[in-house]
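Number of protein chains: 2
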Amino acid sequence: MWRDAFEIKEVDLFGRLGRLYTRRGVVETPTLTPVINPSKPVVEPQQIQRMGYQLLMTNSYIIYRSYGELAKEVGVHGILGVDGPVFTDSGAYQLMVYGRVEVKPLEIVEYQVEIGSDIGVVLDIPTRRDTPYEQARLEVEETLKRVREALSLDLKGMLLVAPVQGGTHTPLVAYAARELAELPVGMYAVGGPTQLMQEYDFRELVRLVMTARLNLPWAAPLHLFGAGHPIMLPLAVAMGVDTFDSASYVLYARDERLMTPYGTLRLSEVEELPCSCPVCSKHSAKELKEMPRQERIRLIAEHNLYVLLEELRRVREAVREGRLWELLESRAGAHPSMMEALREYVRYSRFIAAKHPVTRSPVRGLFFTSRLSRYRPEVVRHHERLKYRVERTQDLLLLFEETPQKPFTRAGLVKELMLQDPEIFQVSDAAVLSYPFSVIPLELDGVYPLSQYEASRNVLDSAMDEIAADVLWYVLNKGYRGVVLVYYTLPERLVRKLSESLAAEEVLFLGVRVENYQEVLSNPRPLAARIRAALQTLQDLIRGRLEAPAPS
Amino acid sequence: MWRDAFEIKEVDLFGRLGRLYTRRGVVETPTLTPVINPSKPVVEPQQIQRMGYQLLMTNSYIIYRSYGELAKEVGVHGILGVDGPVFTDSGAYQLMVYGRVEVKPLEIVEYQVEIGSDIGVVLDIPTRRDTPYEQARLEVEETLKRVREALSLDLKGMLLVAPVQGGTHTPLVAYAARELAELPVGMYAVGGPTQLMQEYDFRELVRLVMTARLNLPWAAPLHLFGAGHPIMLPLAVAMGVDTFDSASYVLYARDERLMTPYGTLRLSEVEELPCSCPVCSKHSAKELKEMPRQERIRLIAEHNLYVLLEELRRVREAVREGRLWELLESRAGAHPSMMEALREYVRYSRFIAAKHPVTRSPVRGLFFTSRLSRYRPEVVRHHERLKYRVERTQDLLLLFEETPQKPFTRAGLVKELMLQDPEIFQVSDAAVLSYPFSVIPLELDGVYPLSQYEASRNVLDSAMDEIAADVLWYVLNKGYRGVVLVYYTLPERLVRKLSESLAAEEVLFLGVRVENYQEVLSNPRPLAARIRAALQTLQDLIRGRLEAPAPS
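Top line first, the protein sequences correspond to chains A and B.
For our numbering, count along the first sequence from 1 and bump the result up by 20.
For our numbering, count along the second sequence from 1 and bump the result up by 20.
Check the hints yourself; a few may be wrong.
The list treats identical chains as one, so a pair stands whether inside a single copy or across any two.
In silico EDC-like cross-links for lysine to aspartate or glutamate, where the CA-CA straight-line distance does not exceed 16 Å [to be verified]:
| hint | residue 1 | residue 2 |
| --- | --- | --- |
| 1 | K29 | E291 |
| 2 | K29 | E48 |
| 3 | K60 | E154 |
| 4 | K92 | E127 |
| 5 | K517 | D485 |
| 6 | K124 | E276 |
| 7 | K306 | E292 |
| 8 | K29 | E341 |
| 9 | K165 | E202 |
| 10 | K517 | E364 |
| 11 | K435 | E539 |
| 12 | K407 | E30 |
I should point out that these hints are in silico values taken from the structure, not numbers from a laboratory.
Turn these sequences into a full structure, and let the hints steer you where they fit.
Shown next, in the form of structure tokens:
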């Protein structure tokens, strides 16, 4: 049962650092399991272990077909010549490719137990991308049935993996996941995204994996089948996947293609090898091209394994540091499909915010580089806080464009004005218009990470409408009757947008434009006076002591 | 003279692959020159060469101070124990740090010649960030004077580097560059951005370097002093810098900080080493932390050199493949300062478009992931083309939302409609509303890269206003009197924005919304009829055969 087999140590977004306990030792997750062909490994299993891969995968069905009974004596570890934990697949992939396999479902599970697999899979029916709903439903039921049957066996400590099927039919995926969640399996898996990945349809992949993840027990380990390319490792981990398998490192090598975290390079087209792994440091592209094909394939496979391992390390370190988001955005900038994936991923941001840690030590500042950064869990949480935790105390909202100096109340313009003329802040509620957070009431200024972030102006450029909408929502939700905006770099377009949308809701608005920020810092008095006047004017308009300007 | 010393082989953006000819052999550029302390190198010069660094740098002033005359016998190559090309600095950095140096300007140039430097630098006066304009101007003049004097010497084949000064005073930088452009020096350099880089002010750095680059001869090699961190290599190359020097690999090592392409990691804070370089593959973070400090520093320095080399390789390969832009966007997603730098960089997009190759083989599709992708040179050029190369033939513009299938005239909705009802395309000029290119008239459909691109929907999300503005500009610039927009996923917000802005200019507008794209593909007849009707209506309105709808 997974409860005894898995523990989560750290979380970032949906990414988890964990420990998976198998009967042959602990595996640190997230990890990738290189797939080894039992009859002719391209890279020796021992070497792959030495590189730093703690869990290997091979195919019990191929072993069954080529070794049969014999394998029960030597065991899968004997065949691979390793003693660490081994994960065996069940032939489901063959089932998908060839339509049939020469073994009964229960039989292959028993076989995996008998050859000593540490992690074994039920012979599930992978949902193909084109499978119509009705058939997919039947296949899902069949897979569920097979899992239940397999659980009746004595598994002798082998972790049984239950694959969630349903493919692109997300309601089916959710159903399958909820059903499986009830069963005492050792681990869960998302089945059959290979097609999606071959077609670079990472968006569908996000739907599939997130649907499964959200309907499975959060604390249970999840395997993703066929996610063998470094380009999607950060994303997969960010979706709460704990283990992946990769046969691609060999398949790409046979194709003479080199993996990189950004995509794939054909050896024939490169003049310089792409990284500093032992293979790329020892050999030039020219040498590689000229050596015998078998040798070349082995070296490319090794390179691919090093690249996968490097990306795995980078992702794990990012989770430790709370930098997984930055990694996702960086990767999204490299390929439209990854950007589409991130766009789909952020649709789950409320769920992500629910798991993402509230703070971590050492405290690290957040980076905001684009519109999508505004979907970080910290922002989602902030908006919740704005909804329920902030009270209006005055009729007027005094809104300051965010200043480079933070915390706003302890440095820069806002602080100077507070010293200069405290009363301004008594006759109005003051807040900051922040590129990533939209509105930061000054009383929340100290709350992490509201003054521990760095935002590019690009966030404003690309999310102006969203920011304006948030401000409008805040003003109306709190019931302010007037707004004074103090700004010094905001584009007039945004200011106009704000004043128009507020006017449409009969909220008074005045914009106080600061010509020279530095000058005001050294002498805030004149600005303080202008702000006072603006606030006074709005007060008088509200109290009817002044005639409202005729609508232009 | 640089004309005989440098040739450019390939260009991408402002990035160049080139060959720099020194008297001790050819150096492939862009390249990085690790700075070696002649008296106590942390990593042996020979080893650095073996890693793949073709050009080493050391400091002639330090040699002068510690070896004096003796150095003239053994030569700088004897001191470093290498025979490849060596670049010597002049002590300008010491001048900046200590305020004075114990050598005359002309003297140190002669000294560099005598110790056999292959590339030597004038003792220039680095402009500090805080230097006021007037003083900076005098220093620039002094540097110019020193360059002229140095050119009067017999350089015996040493390439003389002329540093462009002026710092953040861009007019001065432009002036200095134009003056130096007249002189027969061996190479140019941008001086003193070290402060900018320490403060992560990459935006200022872009202003400085681009100003120098644009005012220097395009075909001349350019060195950037103190750009020793991998995070800014892609940017520096994209600005047309050919060589950089890095002492940081050691400075960071002494600080026990590991460089990565995304930033810097303190060894004390990492649990896993960040890459697969020989150092990171051979040692664990734990081992590194526990070994004697000297040993540790050497290994971190080696790691930093491997990382720099890897990034250098990646950048060169990106230039070869025409993928430098993707690399820039990917890096910009990792840090706000890099995003700011990219935002500044795109302000030069017209100049960049002037140098960027029109096409390359093998032809590669372009990736568009964000608002900033719309500043790619190909887009800038397309807008030029729209201005001058496209003629209106009808009163009506028929605008189709871009379809996944390309080229638009040979696949997908547009093609189906052309087959279904060619006349539609005779009574109107047809064009595609493209996320990255805004407007693609069908007659340009075949022109590279207008149907060889992949764009994320994020481009539309983040640039909606810009796209609407471009469409409006196009319609008015060509003088269309009516627009029919056929769309199936465009947000109503954009459609409204378009219809309003067109109405304001008295251009008629009708939006034809497609409910189900796939359905229309299989049976385009009904849609064709709707489009025909819409066009007819606009025609009748224009000809006064129909009354215009009363403005709502």
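Here's how the hints hold up against the structure:
Proximity of K29 to E291 under the C-alpha cut-off of 16 Å is restricted to the inter-copy arrangement: shortest distance 14 Å between copies versus 43 Å within a copy. Taking the shortest alpha-carbon separations for K29 and E48, only the intra-copy value of 10 Å comes in at or below 16 Å, while the best inter-copy value is 47 Å. In the homo-oligomer, the alpha carbons of K60 and E154 never lie at most 16 Å apart, since the shortest distance is 40 Å inside one protomer and 74 Å across protomers. Proximity of K92 to E127 under the C-alpha cut-off of 16 Å is restricted to the intra-copy arrangement: shortest distance 13 Å within a copy versus 82 Å between copies.
In this homomeric assembly, K517 and D485 come within 16 Å of each other (Cα to Cα) both inside a single copy, at 8 Å, and across copies, at 13 Å. Neither within a single protomer nor between protomers do K124 and E276 lie at most 16 Å apart by alpha-carbon distance, with minima of 37 Å and 57 Å respectively. Taking the shortest Cα distances, K306 and E292 sit within 16 Å of each other inside one copy (8 Å), while across copies they are farther apart (32 Å). In this assembly of identical chains, the alpha carbons of K29 and E341 lie at most 16 Å apart only when taken from the same copy (13 Å versus 42 Å across copies).
Taking the shortest Cα distances, K165 and E202 sit within 16 Å of each other inside one copy (13 Å), while across copies they are farther apart (83 Å). Proximity of K517 to E364 under the C-alpha cut-off of 16 Å is found in neither arrangement, the shortest distances being 28 Å within a copy and 25 Å between copies. With identical chains, the CA atoms of K435 and E539 are at most 16 Å apart within one copy only, with a shortest distance of 15 Å there and 60 Å across copies. For the homomeric pair K407 and E30, neither the shortest alpha-carbon distance inside one copy (29 Å) nor that between copies (55 Å) is at most 16 Å.
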